[in-house]
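Novice: Chain by chain, the residues run as shown.
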Amino acid sequence: DTEVTQTPKHLVMGMTNKKSLKCEQHMGHRAMYWYKQKAKKPPELMFVYSYEKLSINESVPSRFSPECPNSSLLNLHLHALQPEDSALYLCASSQGGSREAGELFFGEGSRLTVL
Amino acid sequence: DAKTTQPTSMDCAEGRAANLPCNHSTISGNEYVYWYRQIHSQGPQYIIHGLKNNETNEMASLIITEDRKSSTLILPHATLRDTAVYYCIAGSWGAQKLVFGQGTRLTINP
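In the order they appear, the protein sequences are chains A and B. Under the working numbering, the first sequence has 34 at position 34, and the numbering climbs by one with no breaks. Under the working numbering, the second sequence has 105 at position 105, and the numbering climbs by one with no breaks.
Because the hints were derived from the structure by calculation, they are not lab data. Everything hinted at is true.
Just so you have them, the derived chain B footprint on chain A, three or more residues with Cβ under 8 Å:
(1) 47–57
(2) 106–114
Here's a subset of chain A near chain B, in silico, CB distances under 7 Å, partners left out:
(3) P42
(4) P43
(5) L90
(6) E103
Ideal Cβ placement from N, Cα and C applies to all residues, glycine included.
Construct the complete structure from the given sequences, taking the supplied hints into account.
Specialist: Spelled out as structure tokens, the structure:
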């Protein structure tokens with residue numbers, strides 16, 4: 001299994017809603033990532049979890065709250081978002097640790113629209 | 001991480017070799033060159049990476065100049081399914097922070 005599975009594929013939410021994006025991998029990878037991608041732009045790193053601990057936060061606003069319940073799961077909790085947060089949210093995983101080789105496996109993404 | 005520079009767009013005929021250049025003149029000695037591609041509406045896909053030597057896998061070949069200041073990704077027999085945005089990234093081994101640049105939009109024409 002070389003897949004990273006993201007749910008939901010599409011999400012529409014209002015600015016007062018609370019929702020979550022979910023990501024799952026069963027490759028035994030120990031590093032997991034959230035990227036944000038606006039239309040016609042490259043992916044931008046948001047968060048990195050390494051061995052279930054947050055290792056990188058790219059100064060992301062607190063309305064985005066990541067969570068890594070275990071080594072296979074990664075969530076992104078969303079609250080009080082703005083319309084400009086509408087984007088494709090990509091989850092990725094990699095082996096992590098000393099075996100890290102920069103090979104990230106990406107999911108198909110969750111397309112978020114904030115009204 | 002070193003900055004990379006790529007042409008904004010390129011075209012290639014189906015069946016021909018597609019050669020995608022990347023400039024990384026400020027790359028440091030411990031930084032690798034990684035290539036990813038993103039087909040429309042999909043997540044990025046890893047293609048290949050290298051440090052100093054040329055590399056080849058089932059998808060592509062990577063040619064790195066001796067001074068390591070530039071590289072070329074070669075898709076030997078391009079197909080329509082190779083139409084995508086190709087990203088060249090410089091990052092160190094173990095780096096968790098791979099920074100995507102603007103990439104090259106490659107269009108394969110029939």
